[in-house]
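Given chain A, work out where chain B should sit, using these hints.
Protein chains in written order, with this note's numbering: chain A, 3 to 355; chain B, 3 to 355.
Simulated from the structure, these hints should not be mistaken for lab results.
Check the hints yourself; a few may be wrong.
One copy or two, either will do: identical chains are not told apart, so a pair holds if it fits within one copy or between any two.
Lysine-lysine pairs mimicking DSSO-like chemistry, simulated, CA-CA at most 30 Å apart [stated by the list, open to error]: (1) K15 / K142; (2) K339 / K149; (3) K40 / K55; (4) K55 / K183; (5) K339 / K27; (6) K249 / K226; (7) K183 / K249; (8) K183 / K339; (9) K27 / K249; (10) K87 / K149; (11) K226 / K149; (12) K15 / K249; (13) K339 / K55; (14) K339 / K87; (15) K226 / K142; (16) K78 / K149; (17) K40 / K339; (18) K339 / K15; (19) K78 / K142; (20) K142 / K27; (21) K339 / K142; (22) K183 / K40; (23) K226 / K27.
There are 2 protein chains.
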Amino acid sequence: MTHQEIYFTNEVKNALNTVLSQMDKNYVFVLTDKNVKKAIGEDVIADLVADAKAIIEIEPGDVNKNLETVQLVWSKLQQGGATRKSVMVNFGGGVVTDLGGFAAATFKRGIRFVNVPTTLLSAVDAAVGGKTGVNFNGLKNEIGVFKEAEAVIISTRYLASLPESEIKSGYAEMLKHGLLKSTEAYNRLLQFDFNDNAGSNLLSLLEESVNVKREIVIQDPLEKGLRRALNLGHTAGHAFESMALHKGTPIPHGYAVAWGLVVETVLSHTERQYPSSEVYRLAEYILTHYGAYHITCDDYPALLDYMAHDKKSENGEYNFSLLSSPGNITTGCVVTKEAVEAALDIYRDLMHI
Amino acid sequence: MTHQEIYFTNEVKNALNTVLSQMDKNYVFVLTDKNVKKAIGEDVIADLVADAKAIIEIEPGDVNKNLETVQLVWSKLQQGGATRKSVMVNFGGGVVTDLGGFAAATFKRGIRFVNVPTTLLSAVDAAVGGKTGVNFNGLKNEIGVFKEAEAVIISTRYLASLPESEIKSGYAEMLKHGLLKSTEAYNRLLQFDFNDNAGSNLLSLLEESVNVKREIVIQDPLEKGLRRALNLGHTAGHAFESMALHKGTPIPHGYAVAWGLVVETVLSHTERQYPSSEVYRLAEYILTHYGAYHITCDDYPALLDYMAHDKKSENGEYNFSLLSSPGNITTGCVVTKEAVEAALDIYRDLMHI
Numbered sequence: 003m004t005h006q007e008i009y010f011t012n013e014v015k016n017a018l019n020t021v022l023s024q025m026d027k028n029y030v031f032v033l034t035d036k037n038v039k040k041a042i043g044e045d046v047i048a049d050l051v052a053d054a055k056a057i058i059e060i061e062p063g064d065v066n067k068n069l070e071t072v073q074l075v076w077s078k079l080q081q082g083g084a085t086r087k088s089v090m091v092n093f094g095g096g097v098v099t100d101l102g103g104f105a106a107a108t109f110k111r112g113i114r115f116v117n118v119p120t121t122l123l124s125a126v127d128a129a130v131g132g133k134t135g136v137n138f139n140g141l142k143n144e145i146g147v148f149k150e151a152e153a154v155i156i157s158t159r160y161l162a163s164l165p166e167s168e169i170k171s172g173y174a175e176m177l178k179h180g181l182l183k184s185t186e187a188y189n190r191l192l193q194f195d196f197n198d199n200a201g202s203n204l205l206s207l208l209e210e211s212v213n214v215k216r217e218i219v220i221q222d223p224l225e226k227g228l229r230r231a232l233n234l235g236h237t238a239g240h241a242f243e244s245m246a247l248h249k250g251t252p253i254p255h256g257y258a259v260a261w262g263l264v265v266e267t268v269l270s271h272t273e274r275q276y277p278s279s280e281v282y283r284l285a286e287y288i289l290t291h292y293g294a295y296h297i298t299c300d301d302y303p304a305l306l307d308y309m310a311h312d313k314k315s316e317n318g319e320y321n322f323s324l325l326s327s328p329g330n331i332t333t334g335c336v337v338t339k340e341a342v343e344a345a346l347d348i349y350r351d352l353m354h355i
Numbered sequence: 003m004t005h006q007e008i009y010f011t012n013e014v015k016n017a018l019n020t021v022l023s024q025m026d027k028n029y030v031f032v033l034t035d036k037n038v039k040k041a042i043g044e045d046v047i048a049d050l051v052a053d054a055k056a057i058i059e060i061e062p063g064d065v066n067k068n069l070e071t072v073q074l075v076w077s078k079l080q081q082g083g084a085t086r087k088s089v090m091v092n093f094g095g096g097v098v099t100d101l102g103g104f105a106a107a108t109f110k111r112g113i114r115f116v117n118v119p120t121t122l123l124s125a126v127d128a129a130v131g132g133k134t135g136v137n138f139n140g141l142k143n144e145i146g147v148f149k150e151a152e153a154v155i156i157s158t159r160y161l162a163s164l165p166e167s168e169i170k171s172g173y174a175e176m177l178k179h180g181l182l183k184s185t186e187a188y189n190r191l192l193q194f195d196f197n198d199n200a201g202s203n204l205l206s207l208l209e210e211s212v213n214v215k216r217e218i219v220i221q222d223p224l225e226k227g228l229r230r231a232l233n234l235g236h237t238a239g240h241a242f243e244s245m246a247l248h249k250g251t252p253i254p255h256g257y258a259v260a261w262g263l264v265v266e267t268v269l270s271h272t273e274r275q276y277p278s279s280e281v282y283r284l285a286e287y288i289l290t291h292y293g294a295y296h297i298t299c300d301d302y303p304a305l306l307d308y309m310a311h312d313k314k315s316e317n318g319e320y321n322f323s324l325l326s327s328p329g330n331i332t333t334g335c336v337v338t339k340e341a342v343e344a345a346l347d348i349y350r351d352l353m354h355i
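So that you can see chain A by itself, here it is in the shape it has in the complex (with noise of 0.2 Å):
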């Protein structure tokens, strides 16, 4: 995998178009949302790249993440006369990311993408690293490729539209990202003020943040091992996301997240030694910023199915990647199901449920 340059700065536009100007290319297409357009501007995006091809809309949300969008995005490409000396500019959210992404490294066996998230949660997560993919027969993310952009640009420009809970569903994977790094940088993102999101300071904590997870991603692109530290939080996050939508009440992936980290610290504090001041610190701030998700007793067997049948789990066992320490992680953590289901109990005890 080459090396993805990532600009970290609001002066999106000149970042992009140096970017643009170093690619040996002939057309620039640009891809974003319904939704992004709504909130950002029609005007805004049209002056992004002076030169675009054309602007691709895709509907926005994860139901439309889907092939049949990636048949609409290459249609598209075709009409333009997308060449492979084509390149794409992904300008959105996660889905944008995700789905442009697949729709570039599969159109005439592989384009190159720059992406531009305009969501905390895509800047954080989605837009580094090199997964792409679309959902499949309601299995999310089934099909993709990892591929990298050539290049991301990071701003904190595009999040004051956004919803408070936006914001902190991408800010529930920057605690992940610092409880991976150290007790320091997770000092720093527990003591930031939500308020202030459109300032510098959240640019250089979503910097620090970026970096953590890009030299995981540099040690292990493939996630053969070692970038398993990512799953932090998510595979009790991904039961909880799961079961959300099975009931047909969904919750956003970052809250998903920030309750899923809540249940890991304390299977890793039962497991790991991770102390307890630290679980119900955690707790306490989840409970404040995200409020609590319900569950029941009659719940487990449901969570617990998730959990043992999560993508990255290998034999129906229920596998963790889980802390010894802020900064000290272990992947592949096998834990019994009793000690998950001593995990939910307490859990609920933590958010007062």
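Okay, now just chain B, sitting in the frame of chain A:
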């Protein structure tokens, strides 16, 4: 791109089981099509991999090399419980290896696959080199990725069940490889007795031929330069093939390449002093074994248009890989429209049209 293992043997089952036994995996899925099953026998396929989780069967032919079929394969993999540790064995011709490779390369962001080509064309061409893909919106191989099989097992074992036209179709690609390699390699091919197609002589010619392609692909896996040498005969050949398809009278790919080689050796003569005696020798051989593809002056505009819009062409120019002698190729030769028209005139003379 990792190094790909290629086995040349008629002990296919042994080789396949050796390959599979060396892989850390859970389930093996076999992909084939209905024609292959009929020609080679369901029992033979079932016997190949004793503990296959499922044999996935697709409809045969280029007309089914599309996203609908890929979705069927993905669904069957899901139904069979395939995980990232599963392996797919693509057993068939070019449609099975191209489509199966793409389906595997994109399922859960990529599972491993092994190719067992059953036609001469797929053995010599499609199964080696990492090109996977399907047709889309009427364009051939428009969607795909570069991803090599873990291993390819090449034999002449299944060729006896093929019609002669299939053998000749593959043989045209071998002639191309001979022209790229050396006068000696090329001579060996012209001297081969077509009626001995199941013999070991063909297997050794096949090995030499595949190695020509492999050496080029290793040097240029992503088709940035040298690999375009493999395009010899294909710019004109694809034009014949596309025109025939458009007229509703499709011709086999290898036949199109054979006739394309005649056109492009003529161009090699006029542009790069390729010996005229060699042009005559090839034209005679092709006329004897493949007959002629009939074209008139009225077909020239369409043929020229197809050539200018070849996937490997960049700016609507006429771009060829041309020989100065067998073994000496130059890629990226831009020639004039008049030179192409003159070559088509000479092609018609040589083919007695």
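Going down the list of hints, with the structure as the test:
no.: 1; hint: K15 / K142; result: neither (32 Å within a copy, 36 Å between copies)
no.: 2; hint: K339 / K149; result: neither (36 Å within a copy, 39 Å between copies)
no.: 3; hint: K40 / K55; result: within (21 Å within a copy, 48 Å between copies)
no.: 4; hint: K55 / K183; result: neither (42 Å within a copy, 42 Å between copies)
no.: 5; hint: K339 / K27; result: between (54 Å within a copy, 25 Å between copies)
no.: 6; hint: K249 / K226; result: neither (33 Å within a copy, 50 Å between copies)
no.: 7; hint: K183 / K249; result: neither (35 Å within a copy, 63 Å between copies)
no.: 8; hint: K183 / K339; result: within (29 Å within a copy, 62 Å between copies)
no.: 9; hint: K27 / K249; result: neither (47 Å within a copy, 34 Å between copies)
no.: 10; hint: K87 / K149; result: both (17 Å within a copy, 20 Å between copies)
no.: 11; hint: K226 / K149; result: both (15 Å within a copy, 18 Å between copies)
no.: 12; hint: K15 / K249; result: neither (42 Å within a copy, 48 Å between copies)
no.: 13; hint: K339 / K55; result: between (54 Å within a copy, 28 Å between copies)
no.: 14; hint: K339 / K87; result: between (52 Å within a copy, 24 Å between copies)
no.: 15; hint: K226 / K142; result: within (20 Å within a copy, 34 Å between copies)
no.: 16; hint: K78 / K149; result: both (21 Å within a copy, 25 Å between copies)
no.: 17; hint: K40 / K339; result: neither (46 Å within a copy, 48 Å between copies)
no.: 18; hint: K339 / K15; result: neither (51 Å within a copy, 42 Å between copies)
no.: 19; hint: K78 / K142; result: both (24 Å within a copy, 17 Å between copies)
no.: 20; hint: K142 / K27; result: between (33 Å within a copy, 23 Å between copies)
no.: 21; hint: K339 / K142; result: within (24 Å within a copy, 50 Å between copies)
no.: 22; hint: K183 / K40; result: neither (36 Å within a copy, 58 Å between copies)
no.: 23; hint: K226 / K27; result: between (33 Å within a copy, 13 Å between copies)
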